[in-house]
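With chain V's structure known, arrange chain U on it following the hints.
Chain by chain, the residues:
There are 2 protein chains.
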Amino acid sequence: MTVFVAVQQAGYTDTMLPSREARLACRNGMASSTAGVANGFVQGNLAILPEKLAGAFHRFCQLNPKPCPIIGMSEVGDVSIPALGLDLDIRTDVPRYRVWRDGEVVEEPTDIMQHWRDDLVAFVLGCSFSFEEALMDEGLPIRHIERNVRVPMYRTNIACRPAGPFAGPMVVSMRPFKPADAIRAVQVTSRFPSVHGAPVHLGHPHLIGIDDIAKPDYGDPVQVEADEIPVFWACGVTPQAVIASAKLPFAITHAPGLMLITDLRNKQLAVL
Amino acid sequence: MTVFVAVQQAGYTDTMLPSREARLACRNGMASSTAGVANGFVQGNLAILPEKLAGAFHRFCQLNPKPCPIIGMSEVGDVSIPALGLDLDIRTDVPRYRVWRDGEVVEEPTDIMQHWRDDLVAFVLGCSFSFEEALMDEGLPIRHIERNVRVPMYRTNIACRPAGPFAGPMVVSMRPFKPADAIRAVQVTSRFPSVHGAPVHLGHPHLIGIDDIAKPDYGDPVQVEADEIPVFWACGVTPQAVIASAKLPFAITHAPGLMLITDLRNKQLAVL
Chain V
155 MTVFVAVQQA GYTDTMLPSR EARLACRNGM ASSTAGVANG FVQGNLAILP EKLAGAFHRF
215 CQLNPKPCPI IGMSEVGDVS IPALGLDLDI RTDVPRYRVW RDGEVVEEPT DIMQHWRDDL
275 VAFVLGCSFS FEEALMDEGL PIRHIERNVR VPMYRTNIAC RPAGPFAGPM VVSMRPFKPA
335 DAIRAVQVTS RFPSVHGAPV HLGHPHLIGI DDIAKPDYGD PVQVEADEIP VFWACGVTPQ
395 AVIASAKLPF AITHAPGLML ITDLRNKQLA VL
Chain U
155 MTVFVAVQQA GYTDTMLPSR EARLACRNGM ASSTAGVANG FVQGNLAILP EKLAGAFHRF
215 CQLNPKPCPI IGMSEVGDVS IPALGLDLDI RTDVPRYRVW RDGEVVEEPT DIMQHWRDDL
275 VAFVLGCSFS FEEALMDEGL PIRHIERNVR VPMYRTNIAC RPAGPFAGPM VVSMRPFKPA
335 DAIRAVQVTS RFPSVHGAPV HLGHPHLIGI DDIAKPDYGD PVQVEADEIP VFWACGVTPQ
395 AVIASAKLPF AITHAPGLML ITDLRNKQLA VL
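Residue numbers (this note's numbering), protein chains in the order written: chain V, 155 to 426; chain U, 155 to 426.
Some hints here could point you the wrong way.
All copies of an identical chain are treated as equivalent in the list; a pair is satisfied when it fits inside any one copy or across any two copies.
[Unchecked claim] Computed cross-link-like contacts, DSSO-like style, restricted to lysine-lysine with a CA-CA straight-line distance of at most 27 Å:
1. 369 with 332
2. 206 with 332
3. 332 with 421
FYI, nobody ran anything at the bench for these hints, they're computed from the structure.
Chain V with its partners taken away, still in its complex shape (with noise of 0.2 Å):
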């Protein structure tokens, strides 16, 4: 697993990061989508899990690298993680979360410290933002965002490789593309394997078990042209998907689209 290092470790302690005034927005009750906010900075997925799950959990993510990158978690118990950002408060730096009991959303605060205990384990997951910034930065168009509406996330019938209790298919999302920056966008995301990398299909949805592109399991449709073919990425939407159908005791997530916000910049993520 990558270890990534945040910027504080590079002598930036004084310094009021974009990342680090969103954080402090969200401990402070800002509880909206965190798309667009602190550009430049990696967003990641949460989960956190009582740590006689963390093991299995923790394989989990080792076994499904696309849909499940992790690029930081916290020590037992720990509220900070050192490696994603300056003060992080795992407890409250999301803007809103999603409290799961027995595979189902019970509450969804905008803190948690109601609901911590000493032997839960944050894992934060990378997300799609980072390599569509990626994407922007090389000009290439992304339907959804110029449509501002939410990505169009699929359940396929590509089965992640099951840990302990956790077990279920790739979710994965669409975008769009011509085929000339369906190519190009192939090459811009494998730059960034620790945010999900290089799509695992492409062309024919039905072969991963897509019957209607225009019915997504979560997002919103978005159309895909004559002239384009859908592109498919691994979804960080998968470990809560899985998490659902674990039917854990207790189990807590980051609310779909309201991320952690890190201080991880995306570029730092690029492995050329």
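For chain U alone, coordinates are given in the frame of chain V:
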């Protein structure tokens, strides 16, 4: 333009490389396809032009590096290309040549001793054999090799950038892949820009002017199965098509499939 250095410059002068052995066989009259010959060594497309046209052709290659990646060229009137092979003689070491006059092939000799002139410049351009080796090393199946036919090639509606009398459409070669393999093929061939590099198109042949995938303009047709997508690479036949349509008074090329075998290793061409 990248400059490559063949192995004799690294102290291998005493070794009879399989590539040199193949060139000597050609010099002695062997005139068969070089597919599968001297595996691991770079093979090249050949274009020989009078000096007064060579400048424009060089610019054409510079402007169109995907179909026309230069891996070596001779000094004016020089029959050797030291960077590409020990003891290489461009007049004899290709299995079969094509002599062009006014845009027509007038002869297909096994050497060009009688045609050589002191004003000629030889260009050696990268060829898909190199990236096909890389694809096969990766375990990706290549349909036309499995079927033992020539790769299907198509004239497209993608215009090359013109230079002097050189102009015309890009010719592409096609290999069908299952979607995940197509993504891997983009990654693998991206490492080899000097032998056409990443694909130029995938998925929608008609968008690049290919009306019937079953009817290639050169080579042999291969089936694209329902669970596959056609992937298109810029092809080294492009300069021959351009030389033909430029109706140059005089030019020499290799005969298709009967290439110049160099002492460069395919692996040396990888940029990563």
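Results of checking the hints against the structure:
| no. | hint | in the structure |
| --- | --- | --- |
| 1 | 369 with 332 | both (21 Å within a copy, 24 Å between copies) |
| 2 | 206 with 332 | neither (46 Å within a copy, 40 Å between copies) |
| 3 | 332 with 421 | within (25 Å within a copy, 31 Å between copies) |
Hint compliance for this structure: hint 2 alone is broken.
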